[in-house]
Amino acid sequence: MDKPTALNLYRVMRTIRRFEQRSTTLFGENKIWGTIHSYAGEEAIAAGVCEHLRDDDWITSTHRGHGHCIAKGADLGKMFAELLGRETGYCRGRGGSMHIADTSKGNLGANGIVGGGIPIATGAALTAKQLGTDQVAVSFFGDGAANQGTFHESLNIAAIWKLPVVYVCENNQYAESFPAKKAFAVEDIAIRAAGYGMPGVRVDGRDVATVYGAAGEAIARARKGEGPTLLVCESYRHEGHYYGDPRKYQPKEEIEGWKTTFDPLADARAWIVREKLGTQAELDAIDREIDDEMERAVAWAEAGPPASPLTAEEIYASN
Amino acid sequence: MPPIRTAPAPSAGAGEDGSVREMFYAEALNDALRIEMQRDPKVIVLGEDIAEHGGAFQVTAGLLAEFGPDRIRQTPISEIGLVGTAVGAALTGLRPVAELMYIDFSGLAMDQIVNQAAQNRFMFGGQARVPLVVRTQGGSGRGNAAQHSKSLEAWFTHVAGLKVVMPATPADAKGLLAAAIRDDDPVMFIEHKLLYRTKGPVPTGEHVVPLGKADVKREGTDVTIVTWSREVLFSLEAAAKLAEQGISAEVIDVRSLVPLDKDAILSSVRKTRRCLVVHEAIKRGGYGGEIAALVAEEAFDDLDAPPRRLAGLETPIPYAQPLELGVVPQVADIVNAARDLVNG
Numbered sequence: 001m002d003k004p005t006a007l008n009l010y011r012v013m014r015t016i017r018r019f020e021q022r023s024t025t026l027f028g029e030n031k032i033w034g035t036i037h038s039y040a041g042e043e044a045i046a047a048g049v050c051e052h053l054r055d056d057d058w059i060t061s062t063h064r065g066h067g068h069c070i071a072k073g074a075d076l077g078k079m080f081a082e083l084l085g086r087e088t089g090y091c092r093g094r095g096g097s098m099h100i101a102d103t104s105k106g107n108l109g110a111n112g113i114v115g116g117g118i119p120i121a122t123g124a125a126l127t128a129k130q131l132g133t134d135q136v137a138v139s140f141f142g143d144g145a146a147n148q149g150t151f152h153e154s155l156n157i158a159a160i161w162k163l164p165v166v167y168v169c170e171n172n173q174y175a176e177s178f179p180a181k182k183a184f185a186v187e188d189i190a191i192r193a194a195g196y197g198m199p200g201v202r203v204d205g206r207d208v209a210t211v212y213g214a215a216g217e218a219i220a221r222a223r224k225g226e227g228p229t230l231l232v233c234e235s236y237r238h239e240g241h242y243y244g245d246p247r248k249y250q251p252k253e254e255i256e257g258w259k260t261t262f263d264p265l266a267d268a269r270a271w272i273v274r275e276k277l278g279t280q281a282e283l284d285a286i287d288r289e290i291d292d293e294m295e296r297a298v299a300w301a302e303a304g305p306p307a308s309p310l311t312a313e314e315i316y317a318s319n
Numbered sequence: 001m002p003p004i005r006t007a008p009a010p011s012a013g014a015g016e017d018g019s020v021r022e023m024f025y026a027e028a029l030n031d032a033l034r035i036e037m038q039r040d041p042k043v044i045v046l047g048e049d050i051a052e053h054g055g056a057f058q059v060t061a062g063l064l065a066e067f068g069p070d071r072i073r074q075t076p077i078s079e080i081g082l083v084g085t086a087v088g089a090a091l092t093g094l095r096p097v098a099e100l101m102y103i104d105f106s107g108l109a110m111d112q113i114v115n116q117a118a119q120n121r122f123m124f125g126g127q128a129r130v131p132l133v134v135r136t137q138g139g140s141g142r143g144n145a146a147q148h149s150k151s152l153e154a155w156f157t158h159v160a161g162l163k164v165v166m167p168a169t170p171a172d173a174k175g176l177l178a179a180a181i182r183d184d185d186p187v188m189f190i191e192h193k194l195l196y197r198t199k200g201p202v203p204t205g206e207h208v209v210p211l212g213k214a215d216v217k218r219e220g221t222d223v224t225i226v227t228w229s230r231e232v233l234f235s236l237e238a239a240a241k242l243a244e245q246g247i248s249a250e251v252i253d254v255r256s257l258v259p260l261d262k263d264a265i266l267s268s269v270r271k272t273r274r275c276l277v278v279h280e281a282i283k284r285g286g287y288g289g290e291i292a293a294l295v296a297e298e299a300f301d302d303l304d305a306p307p308r309r310l311a312g313l314e315t316p317i318p319y320a321q322p323l324e325l326g327v328v329p330q331v332a333d334i335v336n337a338a339r340d341l342v343n344g
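As given, the protein sequences belong to chains A and B, one line each in that order.
My numbering puts the first sequence at residues 1 to 319.
My numbering puts the second sequence at residues 1 to 344.
Only chain B is shown next, with the shape it has when bound in the complex (with noise of 0.2 Å):
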């Protein structure tokens, strides 16, 4: 049985010191903004409740203290206010991180996201550069109820002109920000609350993840689980259960939704045959739709049985546990989608 993966990834490998630290996810996003804000006097950081406080959810703690308030700007709540600011600041020169506290609040700031930072470059013939990080986390699973736990990747997706990234692991969290970070496009970084507070072991230093590189989180030779964000962790406890079942399956964190290495999960596909994808966000237009569209149009001869999505019900997240538990792809879910998969 392939072991769990769950050092860094082979294209993480060990820090510039070659030394690996046990980190929370929440604390690897931290690191990584400490190291890009000391590289480059040009990273700000822009957010609500990002100062003194830290961070709704602590990732970033202790950069006041280091950068100083002209670096680490706390700004009113106006989301489009703060974004907009960012957009106008990376246009002329500035690295921006904006932090969205919740990604439910986005709405609030799409304008600048999608008619602005995402189409600028395209608009003015390639006149602009727009390097901006909107850092934001979505997700379920803590009592927040519907207003405060959506997964919203897929609106994201669909703009053209901005690139979306969702870690799943600390290693990756702290790769792919710096990635974002010196990336010249608008990215839209997508963390998941209850990721925060997850440990694994993180390159010390300077650590890049490069965009658009999905990660195989544990080799299998079945089924081929293709997930994002916290359904990676779901899906590598589901392969270990359905290992003791004797079914091998391939966990692919594609790590960035765009761009897609598409070229990851069709070599997967070819070589299970099966294919299912699982995440969080409403099954009705998610994301899974382009992968399962995808692996049928590209892959169609190769396979043994049609592309499967697992996914969150069609229903605004509830707030009593037992029903939030159930709107939203379980481990055993994920088990039970796989088996039925392989088995026909």
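Chain A on its own, in the form it takes in the complex (with noise of 0.2 Å):
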């Protein structure tokens, strides 16, 4: 890998990961309405899958979507206006969190319905087959969603039209409140696709640069025509399912230990200097950058107007 493609895979992990943390104080603030879920954990996930992706590529998100969005090239006041309910937010501050989307950047929105971006990704890449034009989508999805039925159908109906479209799992261990190991049978999800007849690939979601080269086999195989991927990413849900989620059902050993050992941002930072792509120092200015910008977007979404009253017409296009 090039030095530029490792510094910016460090520099999208390493935004998503303070905005959470920034999300999160905002929260403790009571700044923000309604719950957020934090990618803090899973980074490597969507920084190694969307620096393959043009502007023109279409994504599907989740609940847990601040990262894809990021990593799709959001702009961060933005997301935060969003988030603070504010008119110069995403959506208005209709939508919220769980509802962020940035269509000029082919983010089709973050989704409250668990497994409901699966299909309309689909749909995203009938488009690009039936235009004749080498566009992919991708669909981020949870472990709980590889449960849902829109899962099944989708990957079928994908595997037999041969639509360029990438299933990504993140199988952050836990549905909810429910671990993968009581949810699945299976310990491989990744072994599913061979029932609707494309390649499934189980990866290490914590490795940015695994990550990277296995999205990127899978995304050039959907721009050459040659159909869907399942690809599985292993990984961890650093914090609760939503701000201020008791966590019961985990084990404090669990949480201490698992966020030590599976931290993407930590591992990233390390491997690029191992590998000698950049240095500490590097690395610690683009801490120092984002960290500004962060500040001046959260300056900039507080500044903005409250979001403006509903009206009649923007329910429907064609009133």
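Don't take each hint at face value.
Stated by the list, open to error - A few chain A positions that, by computed beta-carbon distances, are all more than 12 Å from chain B:
{"no.": "1", "residue": "R92"}
{"no.": "2", "residue": "K129"}
{"no.": "3", "residue": "V201"}
{"no.": "4", "residue": "K252"}
What the hints assert, rightly or not - Below, computed lysine to aspartate or glutamate pairings styled on DMTMM-like, alpha-carbon distance capped at 25 Å:
{"no.": "5", "chain 1": "A", "residue 1": "K129", "chain 2": "B", "residue 2": "D70"}
{"no.": "6", "chain 1": "A", "residue 1": "K129", "chain 2": "B", "residue 2": "E66"}
{"no.": "7", "chain 1": "A", "residue 1": "K162", "chain 2": "B", "residue 2": "E52"}
{"no.": "8", "chain 1": "B", "residue 1": "K271", "chain 2": "B", "residue 2": "D340"}
{"no.": "9", "chain 1": "A", "residue 1": "K162", "chain 2": "B", "residue 2": "E66"}
{"no.": "10", "chain 1": "A", "residue 1": "K162", "chain 2": "A", "residue 2": "E226"}
{"no.": "11", "chain 1": "A", "residue 1": "K3", "chain 2": "A", "residue 2": "E313"}
{"no.": "12", "chain 1": "A", "residue 1": "K129", "chain 2": "B", "residue 2": "D184"}
{"no.": "13", "chain 1": "B", "residue 1": "K193", "chain 2": "B", "residue 2": "D340"}
{"no.": "14", "chain 1": "A", "residue 1": "K78", "chain 2": "A", "residue 2": "D287"}
{"no.": "15", "chain 1": "B", "residue 1": "K262", "chain 2": "A", "residue 2": "E313"}
{"no.": "16", "chain 1": "B", "residue 1": "K262", "chain 2": "A", "residue 2": "E314"}
{"no.": "17", "chain 1": "A", "residue 1": "K129", "chain 2": "B", "residue 2": "D49"}
{"no.": "18", "chain 1": "A", "residue 1": "K252", "chain 2": "A", "residue 2": "D263"}
{"no.": "19", "chain 1": "B", "residue 1": "K213", "chain 2": "A", "residue 2": "E313"}
{"no.": "20", "chain 1": "A", "residue 1": "K129", "chain 2": "B", "residue 2": "E48"}
{"no.": "21", "chain 1": "B", "residue 1": "K42", "chain 2": "A", "residue 2": "D134"}
{"no.": "22", "chain 1": "B", "residue 1": "K42", "chain 2": "A", "residue 2": "D56"}
Simulated from the structure, these hints should not be mistaken for lab results.
Here a beta-carbon is modelled for each residue, glycine too, at the ideal position from N, C-alpha and C.
Starting from two chains that each stand alone, build the complex the way the hints lay out.
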């Protein structure tokens, strides 16, 4: 991997981590209404996959969607503004954390329904095929979604039509409170791909270089018209299901132990230095840039006007 | 006595070449699909059994030969998969028409219709458009029993972001389907299984009936019957019988439930001073309640009697024919209800 790519992967991961930290602070200050779901611990997946995508490629995201949104190129100020319910937010305060979309960058939206984005990405891939473009769709979803009907129906449809779509299953080990080891009778979710006639690949989702490599193959395959792939990235969710989750379903030792042994950001840093793709000083400089950018984004968002009143016309495109 | 208008509605007009042809309702739908697919390559059709088989009710017959398997996309029996794929395609630039073979199967696809298609535009702050048509059919009368005979339109009228259309005549079926395909919002297009083999004059060529415009299918002065889908035909028969008894009934076919042509209903009711709403769906929670409430709220002072609903019984649709006929309003039921309303 070349140095700019490696440093950009780090930058995206570090931005996601900092965004989640900053959102948590804002939530603690009672500035965010509703709920937020932290992507901390899973940054390598969004970064490694989206590095291969163009602005005109599509993604569908999840309730835990901040990371995908950032990796697909979203503006941080507009993201914070949405969390703060401002008119300047991506959804003008109509959607909130669980519904951020950025169609200008091909982000077809976070989704409050587990598995809700999987057929939508499949349909986006159908558009690419139908119009004869080389666009690709990527659907991000969790281990929980792999047990929804939409997963099975969509994978089958994409396989029989050889659609340019990559299904990225982020196994963060918990579907809300239900551990994957109890929710699946198989250890490797990727073997399900065989049942639909597509390649299934299981990788260490904490290692951004590994994710980057596997996603590159799957996306290239889709772009060449060779059909869909199921890519399962093993990961771990550092925080609870939502902000404030008491996490009664997880042993304390697991939370603390896994946070340190399963930290993709620290791993990425160590890997970049070890492979001489960058120095500690360069990485520190990136950190400072991100922190400054984050504060500017928060300040911009907080200065934005509140969401404008609803109008009857906004629900329908043609009234 | 005003004539029963079986010719195209005034808003329909004749085709672009001015001619009109007798068509079955299924044929008129097929004509709309063909014309819309010819004029816009982004229109595709997805559904079960729609290709060689031509659809369970033959609405897509012949389209595979003309447009090929890329545009007539037959899907596995995967209701949420096919509707969700259509939602994604609509969000990204196509204008898909997804066919759900029976409205009773919509429960399997409900998340994609309700949480995704209907709400994407609003949730995303106006960034998205979802030009999707979900064609389906409902209704009883064919011995298909409880899981293939329901009238579920009220479910969809309750969801902000959806439009709901229910044509009663071949001309309206063609014109409303064309309008639904050209519309930039998700439309539930609900046909009736016993209307497919009904016949009527249909404008040839391009024919568009705007959504949200009711049609006065028969003019009258003593009572307004507000109705849709197959009950329009029953109501017209009932109106003819009522005329023999000296009662002049006006029959309003709402055609689209969302958006609803409130003005057409209210101005008719203000004229006749009586309103009977007739639909096949179960009365409890049915859309007739919405219309009766609208009339009571907006035209109370103009009424000589409370608005009345005549609708399906609160039961799953039974199988045996005499039982099945007994649970949804028939012509005689409409005659009796209208007469009672007029005679107080």
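- Item | List of violated hint numbers, smallest to largest | Per hint list: 1, 2, 11, 13 violated.
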